[in-house]
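Novice: In case you want the letters, here they are:
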Amino acid sequence: MGSIVMRGLWLVMGMCATSASLAAEYVPLPGGSFASVLGADNKAAPAQIKPFRLRTEPVTNAEFLAFVSAHPQWRRDQIAGVFADKQYLSQWASAEALGPNALPRQPVIRVSWFAAQAFCESEKARLPTWYEWEYAAAADAHRADARSDPAWRDHVLNWYSRPSNTALPQVGGEADVHGVRDLNGLVWEWVDDFNALLVSGDGRDQDGADKARFCGAGAANMQQKENYATLMRVAMLSALKASDTTNNMGFRCARPE
Amino acid sequence: MKRLLMLWLCLLFVGPVIAAAPLPTDSIYQLGAKLTDQDGHSWPLSARRGKVQLMTMFYTSCTMVCPMIVDTMKATRKAVDEPARDKLDLLAVSFDPARDNVAALHQYAQKRQLDAPHWTLARAEPQDVRALSALLGLQYRQLPDGDFNHSSELILLDPDGRIIARTTTIGRLDPAFVDAVRKALASS
Numbered sequence: 001m002g003s004i005v006m007r008g009l010w011l012v013m014g015m016c017a018t019s020a021s022l023a024a025e026y027v028p029l030p031g032g033s034f035a036s037v038l039g040a041d042n043k044a045a046p047a048q049i050k051p052f053r054l055r056t057e058p059v060t061n062a063e064f065l066a067f068v069s070a071h072p073q074w075r076r077d078q079i080a081g082v083f084a085d086k087q088y089l090s091q092w093a094s095a096e097a098l099g100p101n102a103l104p105r106q107p108v109i110r111v112s113w114f115a116a117q118a119f120c121e122s123e124k125a126r127l128p129t130w131y132e133w134e135y136a137a138a139a140d141a142h143r144a145d146a147r148s149d150p151a152w153r154d155h156v157l158n159w160y161s162r163p164s165n166t167a168l169p170q171v172g173g174e175a176d177v178h179g180v181r182d183l184n185g186l187v188w189e190w191v192d193d194f195n196a197l198l199v200s201g202d203g204r205d206q207d208g209a210d211k212a213r214f215c216g217a218g219a220a221n222m223q224q225k226e227n228y229a230t231l232m233r234v235a236m237l238s239a240l241k242a243s244d245t246t247n248n249m250g251f252r253c254a255r256p257e
Numbered sequence: 258m259k260r261l262l263m264l265w266l267c268l269l270f271v272g273p274v275i276a277a278a279p280l281p282t283d284s285i286y287q288l289g290a291k292l293t294d295q296d297g298h299s300w301p302l303s304a305r306r307g308k309v310q311l312m313t314m315f316y317t318s319c320t321m322v323c324p325m326i327v328d329t330m331k332a333t334r335k336a337v338d339e340p341a342r343d344k345l346d347l348l349a350v351s352f353d354p355a356r357d358n359v360a361a362l363h364q365y366a367q368k369r370q371l372d373a374p375h376w377t378l379a380r381a382e383p384q385d386v387r388a389l390s391a392l393l394g395l396q397y398r399q400l401p402d403g404d405f406n407h408s409s410e411l412i413l414l415d416p417d418g419r420i421i422a423r424t425t426t427i428g429r430l431d432p433a434f435v436d437a438v439r440k441a442l443a444s445s
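Line order of the protein sequences matches chains A and B.
Just so you know, this note's numbering puts 127 at position 127 of the first sequence, and the rest follows in order with no gaps.
If you want this note's numbering, it's the position in the second sequence, counting the first as 1, plus 257.
Derived by calculation from the structure, the hints in this document are not laboratory data.
Where a beta carbon is used, it is the ideal one built from N, C-alpha and C, also for glycine.
A portion of the hints provided could be inaccurate.
Coverage of chain B stretches by chain A, computed from C-beta distances (three or more under 8 Å per stretch; other residues unrestricted) [stated by the list, open to error]:
{"#": "1", "segment": "284-294"}
{"#": "2", "segment": "385-392"}
{"#": "3", "segment": "400-406"}
Here are the simulated DSS-like pairs of lysine-lysine, each with C-alpha atoms no more than 25 Å apart in a straight line [to be verified]:
{"#": "4", "chain 1": "A", "residue 1": "Lys124", "chain 2": "B", "residue 2": "Lys291"}
{"#": "5", "chain 1": "B", "residue 1": "Lys440", "chain 2": "B", "residue 2": "Lys331"}
{"#": "6", "chain 1": "B", "residue 1": "Lys291", "chain 2": "A", "residue 2": "Lys241"}
Label-pair distances were calculated between CB atoms; the ranges are [claimed, not checked]:
{"#": "7", "chain 1": "A", "residue 1": "Glu174", "chain 2": "B", "residue 2": "Ser318", "range": "33 to 39 Å"}
{"#": "8", "chain 1": "B", "residue 1": "Ala373", "chain 2": "A", "residue 2": "Asn248", "range": "28 to 34 Å"}
{"#": "9", "chain 1": "B", "residue 1": "Arg369", "chain 2": "A", "residue 2": "Lys241", "range": "30 to 36 Å"}
{"#": "10", "chain 1": "A", "residue 1": "Arg255", "chain 2": "B", "residue 2": "Pro374", "range": "38 to 44 Å"}
So here's chain A without its partners, still in its complex pose:
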């Protein structure tokens, strides 16, 4: 009897979790011409960004748990090794329970690019492109592009000095001018074209050795050297393999408008 009640309770909770993930909020961003740190032509050409919708918050542990419950091939005990390393979701108590080290409203971390992409597909979305992400993250509470403000740069840079052994905050930071939260200051985020950024670990390589490895004009040149917080993100993303998971890499999703 008790177990039937429990099962019913789990079912209801499961449905709530599922509807919570369906209810993820996306807001429209206008896009347009954007001066990225990565020139579209490997020089200084601005990126052209089509209007798109962005998830207002990074994906949380609770949302990712609902996803793996509905798509068990992405559970940490069932995922194919080619799609994620051994650290995948290892902060959870088990393959189907969050436990004390993963609060429901904390952003999910230790997810691979493949798992993030699969989650977004389950929301009829995809990962944002680098240009979409960088463009969205340039906003503050009042401006779509606050990057020339030293206060914005300090805010973004300050996050990097936060010790990584402190507990992750929960999602729900201050909304920016588009209504998007937590782009800066919570977790690193996967982008769809993380392997398109073409920045080698050593910038000095780019005119020499890399030209032999890459077809075309060589590796991308980075612009706006003063935005080193953004450049660090580019370097981080391009150093990763799609199956890698890290202690502070989460994600959010985007949709074409």
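Start from chain A and add chain B according to the hints.
Specialist: Below, chain B without anything else, positioned relative to chain A:
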């Protein structure tokens, strides 16, 4: 007659059993991508299972490194003696699904004399191209003029789709890589 019937029955029952053996967890054939080849046939990536594959990614309008990638694949195949050579499949998947339709792939195969059955040129939908490149550890980015920056590598897959060797040497033979191809064919 009876023996033939038995053989036929064995093939009928054993064939599917072999094909249905679970994929290794580190096989790239775990990816549920759909590819379409130069003859317009569509198949799941996992349909490549069963033979050693020499694989790369390229695009047909690429005038710089891509012709050399194809030449290097040809030379690598040629460096393997008959009859092992015939057990090797060559697969090149396009970075450029917008321009590389079936007709473009077909024309490229004819022009470069990339003959079926051992050569396959294929395209996939953009999200599958990105996922496949991520799986293979290749990088690419499209430029405003439509060209691509991309890494140039040859990748060797065992019959179950595991990456067993790779080389960034393009334009000449990489002896260690050729050796890996020979070994893979000898044990397949």
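Novice: If a hint holds in the structure, say so; if it doesn't, say that too.
Specialist: Cross-check of the supplied hints:
no.	hint	result
1	284-294	holds (count 4)
2	385-392	holds (count 5)
3	400-406	holds (count 6)
4	A:Lys124 to B:Lys291	holds, 19 Å
5	B:Lys440 to B:Lys331	holds, 18 Å
6	B:Lys291 to A:Lys241	holds, 22 Å
7	A:Glu174 to B:Ser318: 33 to 39 Å	violated, 47 Å
8	B:Ala373 to A:Asn248: 28 to 34 Å	violated, 48 Å
9	B:Arg369 to A:Lys241: 30 to 36 Å	holds, 31 Å
10	A:Arg255 to B:Pro374: 38 to 44 Å	holds, 41 Å
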